[in-house]
Amino acid sequence: MSGPESISLAVEVPKVAQEWGNSLPILHEVRHALERLATTGVPGIIDLGAIPFGPGDEARLLARLGRGEVEAVIHALGETRIWESAVPAVWLIDHYNAEGERIALHIEIDRIPSLLLTQPEDLAEATARLDGILDGEGGAGASA
Amino acid sequence: MATQKTLGESLREHGVTRRGFLKFCAATASMMALPPTMTSAIAAALDKARRPSVIWLSFQECTGCTESLTRSHSPTVENLILDIISLDYHHTLQAASGDAAEEARLAAMKENWGSYLVVVDGSLPGPGSNMGYSTIAGHSNLDILKETVEGAAAVVAVGTCAAFGGLPRAYPNPTGAVAVQDIITNKPIINVSGCPPIPTVITGVLAQYLTFGTLPEMDDYKRPLAFFGQSIHDRCYRRPFYDKGLFAETFDDEGAKAGWCLYRLGCKGPSTYNACATMRWNAGTSWPVESGHPCLGCSEPDFWDAGGFYQALSVPTANATHTLAVAGVAGAVVGGVAAAVAKKQQRHAVADREPVTIEQLEQRL
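Sequence lines, in order, name chains A and B. In our numbering, each residue carries its 1-based index in the first sequence increased by 41. One point on numbering: in our numbering, the residue at position 165 of the second sequence is 155, and numbering is uninterrupted.
No wet-lab data here; the hints were simulated from the structure. Careful, some of the hints might be misleading.
Not the full set, but computed from the structure, chain B residues with beta-carbon under 10 Å of chain A [said to hold, decoys possible]: (1) Phe14; (2) Asp224; (3) Arg228; (4) Thr268; (5) Ala273.
By construction, the Cβ of each residue, glycine as well, lies at the ideal position given by its N, Cα and C atoms.
Take these sequences, add in the hints, and give me the full structure.
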């Protein structure tokens, strides 16, 4: 066994990135979720943080899924970046904290990610919020 | 002191929107190793949860566990969790000292009697030892632990020292160090081992208690199964190389460069249960095996004395018998290796991809 003194200081980068093969099972899981969504309407969600990916596995998975037509950013406790993959109904939900560090990465299989929907609690307060805005403009019945 | 506000109320007061709250819950689910579909259940529970009082005791330790927690990427979900628990006493972190600090601990105990959590990092000199090895405000660790735990709902032993004795208990154990569970037998104990534990695992356990008000499901060592339910080996991305018999022999050979299995360089992944392979360290950047180093087995009992860090589990050494005996007594399963002792399983092991024994593995190399 080599000792520390024999470890080279040179950084060697492989010419071809190592393929660990861990993204393929996720694609199969996504496929099952898509079938379930199409046949039963039940959405699915996969936490990629719980997957034992090797170096580069996640990037390869995201590259294979590609990017589709829709992107969105939510500003709440840091950014959440959402985009539809090139496969319709397969969304990537990328959560970051206020420091710009990732705190979770999910694949959501649904017609629209649940986090993009207006939340029922916010809807209940929406009228009151708008009334406050109108009051600031001189009242709901005030003329422009 | 612990407030009577619910977590939902506290977050709303901090200007957290509903989407932000759901995002927090999604990250919390991920942190607790729960399926993302649990997000709505977590949101409902956290909305009504009240801040628990937490008293953190530090005994014979290197402060690595607290460092692990507080030096995690900040601010984060972990910090939010710490913001929403009421950390009423922490010997290392608190500004108060002397009588004021000890009075804060006693006041927190009195006010939250029967419902507060006690977090302990570090082992302590056990009964029969010289108590002078570790004291706080002139009181022995043993006395403080017993006094503080008396009114606790549960005890969380953070780090391998508190959980199993750790480094202070390593041979020849000059201070007579013992683990928390060696002293406390009348309260629920959760062991969050690791040297140090993964910060998200520490806060994940606290979050679970905060969220559901219950103790997590645990293994025989009182470790939460959500984080310690699978071995490093079984979740390792290099596992396919182990199955193919492709091993790095030195730290700089072609196998090491190709990312092959580190088993023969002493990796203790097969006998180590922890979440490093999936949760990783430094904001999910990497973990020891991904950095090219074998797992040391830091979350297991007696890992300091369980053979050399760079001795492969299967390579006979002068103290290999001791190593396996320790693993056996501790109930550790050597990567499914030592588990497969039934002769019938041995005959069909390779063909059926059943766990194989050490001897079989050697024959395959």
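The hints, checked one at a time:
{"no.": "1", "hint": "Phe14", "in the structure": "holds, 6 Å"}
{"no.": "2", "hint": "Asp224", "in the structure": "holds, 9 Å"}
{"no.": "3", "hint": "Arg228", "in the structure": "holds, 7 Å"}
{"no.": "4", "hint": "Thr268", "in the structure": "holds, 5 Å"}
{"no.": "5", "hint": "Ala273", "in the structure": "holds, 5 Å"}
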